[in-house]
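Put the two chains together into one complex; each comes in its own frame, and the hints tell you how they fit.
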Amino acid sequence: MELCPPGSPTGRRHLISISDLDRAGIERILETAEGFEAVMDRDVKKVPTLRGRTVLNVFFESSTRTSSSFELAAKRLSADTISLKAAGSSVDKGESLKDTILTLSAYEPDVIVIRHPQVGAPSLVARNTNAHVVNAGDGKHQHPTQSLLDLHTIRRALGHVDGLHVAIVGDVLHSRVARSNIQALIVMGARVTLVGPPSLIPRDVAAMGVEVSHEIGAIEAADVIYVLRMQRERMLEGANFVPSLREYTALWGVTPERVRPSQLVMHPGPINRGVEIAPEVADGLNSKLIDQVRSGLVVRMAVLYDLLTEPTTTGGEAALRVVTAGQEVA
Amino acid sequence: MSASTTEARVLLDQDDLQRTLRRIAHEILEKHADVDQLALVGIYTRGVVLAQRLRAVIEQLSEVRVPTGALDISFYRDDVGLQRAHPQPVVKATKLDFPIDGRSVVLVDDVLYTGRTIRAAIDALFDYGRPQRVQLAVLVDRGHRELPIRPDYVGKNLPTARSERVNVNLVEIDGADRVVLLTGEEE
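Note that the protein sequences, when read in sequence, are chains R and A. In this note's numbering, each residue's number is its place in the first sequence (first place is 1) plus 107. In this note's numbering, each residue's number is its place in the second sequence (first place is 1) plus 71.
I should point out that these hints are in silico values taken from the structure, not numbers from a laboratory. Think of the CB as a built atom: it goes at the ideal place given N, C-alpha and C, for glycine as much as any other residue. Among the hints, erroneous ones may be present.
Facing chain A, according to a computed beta carbon distance under 8 Å, are these residues of chain R, among others [claimed, not checked]: (1) Arg135; (2) Glu141; (3) Ala145; (4) Arg149; (5) Pro155; (6) Glu318; (7) Thr416.
Just chain A, same shape as in the assembly (with noise of 0.2 Å):
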């Protein structure tokens, strides 16, 4: 590993960070006359964090109970044996603890990028039932699809290079609410 020059620029704060969120679960509102029908499905680790607190603004602008589970996509991935760059991450257990039949699911997840982790978890998620409609909500889309993926509701649209790196900070999980672009320099 040789020494890499890394710069890191904040690009969401956390007022940054609530405001979007909010702006979120307005426009899922909005798409959602219905909104008995919504159901919120975070994929882990940080869609799982994002999923929690979009319910939490709709429960409250709505007064209506959204059932939420979380996804874990290890088992749908399609690069199951091959030698990768990223160690195998930690296997997680889905929660998906309410029917999804007929149900309107918005998928939650923070970084939007090849796509390929999306396609894992529409697919993960017909192996629970047949909702009736699947959206996508991202905190953050930076380009680069490999497939025909589109989201429904984005926080923040970033283009990025595919050497740079985005990573989104949540308090539940990294002690701070951010979102960082991580420019490195390639060997």
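This is chain R alone, in the form it adopts within the complex (with noise of 0.2 Å):
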């Protein structure tokens, strides 16, 4: 996996898009989170492991899951964190968030976590720090560690990911989620369906090699139905996405009517109750909901751990020509 966008001064890893994961650093993310949840079921939650280690959490957009699951996260891991709530709105972009991250890299921390409104601010903040850098969610582009999470919830409920077939469902034009999910099921070798209203469906998806339709009833071949929450703010800009709520809800909800018994159904939340899904699915036996945010934790430890555990470079491979199958001698 090499995870260095161009112009990282330091050559550092940093996850901001799934894109900088290949396959193989997916499963290795997600085969420590399995490590992390055998650490959540014991009494004492804490590992020394980023003990000295400085995590700062920049949120630039409201958060409840991402923010404290990041913070939380790091304090599971003994690292110190410092989390700073930034109200995006009076931020003149390109300049005051350079200087914040300036500012707050003379602390020196180890990784910097970013939410912004913006698209592109996580790379940004690369370029100017020393630390590591997590995309935490930027605009409508990317939520990486969201992906990473909905997959460990996939593969602890069914198993694998391979060969599953995901529908999702509702408001993909918004959604950073749903740009990260699609590469990293398609990645994993899922089979993605995207099922929403024409106004709700990029044009152009048609080129990540997923499926569309415009009709509900196509959810229900999926495995996982993952509803995407309606975007209440755009709908009142009378932006016209949907003639109103009610009617999207009847064209497009996800109702107990329209969900068999062996499916999972997921949202990255917040939910709307009644508008996407309704709250019997949510609630319903069914829902990964809450799975999903305990998966958040470990999933965003594991991030942690691996971008602070650097996997070796090409030149330490001398030690290790006479040893085979991955022996390991210590």
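Right under this line is the structure:
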């Protein structure tokens, strides 16, 4: 796996997009997350792995799950954390984000986790710090740790991702989660169908290797129904993506009649109860919503661990040359 | 990567290895009058297999069930974040599904070298509880300790040079039972 976007001053690895990871890299992170699942089953839920390291969480956009889980993940790894919530409204992007990062970098953080409404903000951060950078959501672009936690949730529930059929339902157009998840699921060998009204499905998605259906009935064939949040704020702006929320719910809502008992239902949160997902489904036996939150913790621990345990560079291989089959001798 | 001459010498064959494990099992029993308190904890990867084999012999001899677990020490390593010659091993999930409080825990590993793995294993173990005692069983002790750690049960003491490597192969993982010493020319 190579995680070095051009322009990174130190050649450090970052996680800015799912495309920073190949399949082997994703699988390694998911295996590590399984290790942390075992840690979470103990009385002592903390490990000393990142003692003495500093993780900076900088959130320019509201968040419950992502910010709390990154903070707890860092603490469970014994790292020190600083969590900043900055209101994005008055921020004159370019220079001021750069200045914020230059300022915070004076504390010599090892990792900066950033959420920002603007696409590309994490890359800007990566160009201006020596820390590893993790994208916790940038505009409509990417939310890679959400995808990793979703893969982990699916693997825990069904044992594998390869060969599964996942229907992503709803507002794909405004969703960074959808963008990351499409990439992640396809890399891992799943089949993806986007389901929703034409106005909420981007036109260029066929190139990503997905199928598209404008019939809600298409979710019946899926193993996993992945429901996206209806971004109400955008609906109220008079953009007319759908005639009304009530009509959206009638046509596209994931209701008990539309879900088979063997299907998993997932949602990145926060949910609009009774809009894109019926309360009976959100709280029902098929629902993996709470599992997703727990996955968020262990997967973010795994991402921090992975970034801070540098895999060997080519120069290190000489010492391994006489060892067959990855034998560990120590 | 340049060519290197590598010489492999088999130190223990399948019979030797089985005999050695039986001896260690006997020694563990000898030191555990109260075998009910004994627990075995293997360190990933090959220590886990060795612990399972020791368990089979001990249970056969004592007719007492011996709780046996598997410990991954990745999160307790002292070299996290350092540039290493070794790639980071894949993390495996620790499985300790019995309380270790008050037990006599025997850690099991294949090769004892610097002692750093054992230091990490002891730290990891204590996050699961407070054992009454911790002992160490290893198949091969190759010397070169960097920490004050000493095994209680040793299959074979094997003086080595740092440039040499000791590979333990086990049927369950490698398809054959043997211990091999690899001597390679260092550049």
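Hint check:
1. Arg135: Holds. Min distance 7 Å.
2. Glu141: Where the cut-off is 8 Å and the nearest Cβ of chain A is about 5 Å from R/Glu141, the hint holds.
3. Ala145: Cβ of R/Ala145 sits 4 Å from chain A, so the hint holds.
4. Arg149: Holds, about 6 Å.
5. Pro155: For R/Pro155, the interface hint holds, since the closest Cβ of chain A sits about 6 Å away, which is under 8 Å.
6. Glu318: Where the cut-off is 8 Å and the nearest Cβ of chain A is about 34 Å from R/Glu318, the hint is violated.
7. Thr416: Holds. Min distance 5 Å.
In summary, the structure is inconsistent with hint 6 from the numbered list given earlier, while agreeing with all the others.
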